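Work out the full structure, taking the sequences as your base and the hints as a guide.
Number of protein chains: 2
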Amino acid sequence: MNRLLQQIAFIKEIDKLKYIQRKTRLFNSDRHENDAEHSWHLAMMTLVLVEHSNVEIDVLKVLKMVLIHDLVEIDSGDIFIFDTTKNHDNTAEELKAAKRIFGMLPEAQATALIALWLEFESGETNEAKFAKAMDRFEPILQNASNNGGTWREYKVPKEKVLDKTKPVAFGSKAIWEYSQNEIETLFKTL
Amino acid sequence: MNRLLQQIAFIKEIDKLKYIQRKTRLFNSDRHENDAEHSWHLAMMTLVLVEHSNVEIDVLKVLKMVLIHDLVEIDSGDIFIFDTTKNHDNTAEELKAAKRIFGMLPEAQATALIALWLEFESGETNEAKFAKAMDRFEPILQNASNNGGTWREYKVPKEKVLDKTKPVAFGSKAIWEYSQNEIETLFKTL
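The listed protein sequences derive, respectively, from chains R and A.
Position one of the first sequence corresponds to residue 209 (our numbering), numbered consecutively onward.
Position one of the second sequence corresponds to residue 209 (our numbering), numbered consecutively onward.
I should point out that these hints are in silico values taken from the structure, not numbers from a laboratory.
One or more of the hints may lead you astray.
Said to hold, decoys possible - Cβ pair distances, simulated, as ranges:
id	chain 1	residue 1	chain 2	residue 2	range
1	A	L370	R	T397	56 to 62 angstroms
2	A	R211	R	E301	38 to 44 angstroms
3	R	D371	A	K366	55 to 61 angstroms
Unchecked claim - Think about it this way: if two alpha-carbon atoms lie no more than 25 angstroms apart in a straight line, the pair counts; the simulated SDA-like pairs of lysine to any residue are:
id	chain 1	residue 1	chain 2	residue 2
4	R	K269	A	I216
5	R	K374	A	K220
6	R	K381	A	A316
7	A	K220	R	Q229
8	A	K220	R	D286
9	R	K224	A	Y227
10	A	K381	R	N210
11	R	K224	A	K231
12	R	K381	A	A318
13	A	K374	R	I216
14	R	K231	R	A352
15	A	K372	R	A217
16	R	K269	A	K269
17	A	K220	R	T358
18	A	K231	R	E221
19	A	K396	R	N210
20	A	K269	R	E264
21	R	K220	A	K269
22	A	K220	R	L370
23	R	K269	A	K220
24	A	K307	R	E259
25	R	K224	A	V258
26	R	K220	A	V258
27	A	K220	R	E392
28	R	K224	A	S237
29	A	K224	R	Y227
30	A	K307	A	I219
Bear in mind the structure is a predicted one, so any value in this text is a computation, not a measurement.
For every residue, glycine included, the Cβ atom is placed at its ideal position computed from N, Cα and C.
Have a look at this one:
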């Protein structure tokens with residue numbers, strides 16, 4: 209019973225992810241997306257797009273990764289990928305957040321989820337590469353549907369967009385090919 | 209490439225789930241939860257609580273179920289479980305929605321997801337039972353944290369709450385035992 213109580217405390221705590229606003233907006237919309245919605249959408253994209261992975265991957269592992277990947281932002285907040293004033297490798301603060309949040313769970317469960325989050329962050333395994341591809345691909349679709357979205361709003365040059373979204377290719381060459389076309393087409397209109 | 213374009217159209221379409229408001233509110237909050245946030249939370253609960261399932265289950269299958277279970281509401285809307293004026297078995301309208309929404313995907317993928325959604329709806333397999341347990345358990349936690357929440361707001365009697373949440377037991381007797389205690393304790397204060 210003690211395990212269940214710890215798990216329920218964690219389930220209540222992670223509700224806070226629904227209040228973390230991202231810079232990007234929903235499709236054809238002005239409304240900002242929050243991290244819980246974003247995580248759900250990445251999970252759905254994983255389910256539907258897994259056949260385009262460059263290599264065979266463990267779907268369950270990718271799903272777990274995308275579901276938990278932003279939980280640390282409950283403590284550390286969302287950092288906009290094109291924000292040049294903040295350090296995107298603030299792993300010390302994020303690691304502390306991971307330890308606090310996942311640490312609410314029974315020990316073995318906490319350890320496993322922290323390891324999974326670190327694997328995602330490193331982006332080295334095939335599952336992490338695909339999960340990160342989804343994480344980069346969603347804002348491409350959103351910004352394309354919003355006439356440039358955050359790229360236009362923050363005047364991000366095309367070269368920088370292509371550079372930051374390039375990791376899509378490590379997960380899926382097919383999706384990266386589509387993404388490049390979307391970005392090229394969009395920037396012709398901006 | 210044609211498959212990818214179909215899948216991307218589906219990914220854009222399901223963004224609408226983020227606009228479907230549920231009756232229940234976030235933890236300790238007045239803000240209503242939307243279906244995308246709800247689906248993400250059920251997926252997280254599945255990950256963390258699966259050890260309490262009455263029987264061994266396929267976690268990947270449960271995750272898929274909870275991620276997609278409310279997509280039909282994009283067309284048919286959310287029906288409050290205690291609303292006595294509406295038919296909760298409006299399967300004709302929901303089936304039409306499932307066929308339209310999942311039908312945007314390549315055929316085999318559409319067929320598989322419709323079958324999975326129907327399996328969830330029937331609630332007969334072990335995976336469907338656990339998925340439905342999560343779907344009933346989240347509002348118990350939310351309402352308990354909100355001083356009665358929708359139960360108080362809509363003056364739902366305790367017996368009706370216990371009756372509607374009972375399916376938690378089909379997925380997990382341990383979680384049902386906890387839920388009954390929460391409900392009994394809460395109604396003493398209402």
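Right, here's what the structure says about each hint:
Between L370/A and T397/R the beta carbon distance is about 58 angstroms. The supplied range of 56 to 62 angstroms therefore holds. Taking the beta carbon of each, R211/A and E301/R are about 41 angstroms apart, inside 38 to 44 angstroms as hinted. Hint check: D371/R to K366/A, Cβ distance near 59 angstroms, so the stated range 55 to 61 angstroms holds. Distance check on the hinted pair: K269/R and I216/A sit about 22 angstroms apart at the alpha-carbon level, within 25 angstroms; holds.
Distance check on the hinted pair: K374/R and K220/A sit about 21 angstroms apart at the alpha-carbon level, within 25 angstroms; holds. Of the supplied pair hints, the one linking K381/R and A316/A holds, its CA atoms being roughly 23 angstroms apart against a limit of 25 angstroms. With a C-alpha separation of about 20 angstroms, the suggested pairing of K220/A with Q229/R holds against the 25 angstroms cut-off. Among the hinted pairs, K220/A with D286/R is consistent with the structure: their alpha-carbon atoms are about 23 angstroms apart, no more than 25 angstroms.
Restraint check for K224/R and Y227/A: satisfied, since their Cα atoms lie roughly 19 angstroms apart, inside the 25 angstroms limit. At roughly 15 angstroms between alpha-carbon atoms, K381/A and N210/R fall within 25 angstroms of each other, so this suggested pair holds. A hinted pair counts as satisfied when its Cα atoms are at most 25 angstroms apart, and K224/R with K231/A qualifies at roughly 18 angstroms. For the proposed pair K381/R and A318/A, the alpha carbon gap of about 24 angstroms is at most 25 angstroms, so the pair holds.
Between the alpha carbons of K374/A and I216/R the distance comes to roughly 19 angstroms, so the proposed pair stays at or under 25 angstroms and holds. Among the hinted pairs, K231/R with A352/R is consistent with the structure: their alpha-carbon atoms are about 14 angstroms apart, no more than 25 angstroms. A distance of roughly 24 angstroms separates the Cα atoms of K372/A and A217/R; the hinted pair therefore holds under the 25 angstroms criterion. Taking the CA atoms of K269/R and K269/A, the gap is near 13 angstroms; set against the 25 angstroms cutoff, the hint holds.
Of the supplied pair hints, the one linking K220/A and T358/R holds, its CA atoms being roughly 17 angstroms apart against a limit of 25 angstroms. Proximity of K231/A to E221/R is assessed by CA-CA distance (about 21 angstroms); at most 25 angstroms being required, the pair is judged to hold. Between the alpha carbons of K396/A and N210/R the distance comes to roughly 24 angstroms, so the proposed pair stays at or under 25 angstroms and holds. The suggested pairing of K269/A with E264/R holds, with an alpha-carbon distance near 19 angstroms, which does not exceed 25 angstroms.
Taking the CA atoms of K220/R and K269/A, the gap is near 24 angstroms; set against the 25 angstroms cutoff, the hint holds. For the suggested pair K220/A and L370/R, the alpha carbons sit about 21 angstroms apart, so the restraint of at most 25 angstroms is met. For the hint pairing K269/R with K220/A, the CA-to-CA distance comes to about 24 angstroms; that is within 25 angstroms, so the pair holds. About 22 angstroms separates the Cα atoms of K307/A and E259/R, which keeps this hinted pair within 25 angstroms; it holds.
Using a Cα cut-off of 25 angstroms, the hinted pair K224/R and V258/A holds, with the two alpha carbons roughly 22 angstroms apart. As the CA atoms of K220/R and V258/A are separated by approximately 17 angstroms, the hinted pair is consistent with the 25 angstroms bound. Between K220/A and E392/R the CA atoms are separated by roughly 20 angstroms; this keeps the pair inside 25 angstroms, and the hint holds. Between K224/R and S237/A the CA atoms are separated by roughly 11 angstroms; this keeps the pair inside 25 angstroms, and the hint holds.
Among the hinted pairs, K224/A with Y227/R is consistent with the structure: their alpha-carbon atoms are about 19 angstroms apart, no more than 25 angstroms. Restraint check: the Cα-Cα separation between K307/A and I219/A comes to about 15 angstroms, which is no more than 25 angstroms; the hinted pair holds.
Violated hints for the displayed structure: none, as all numbered hints are satisfied.
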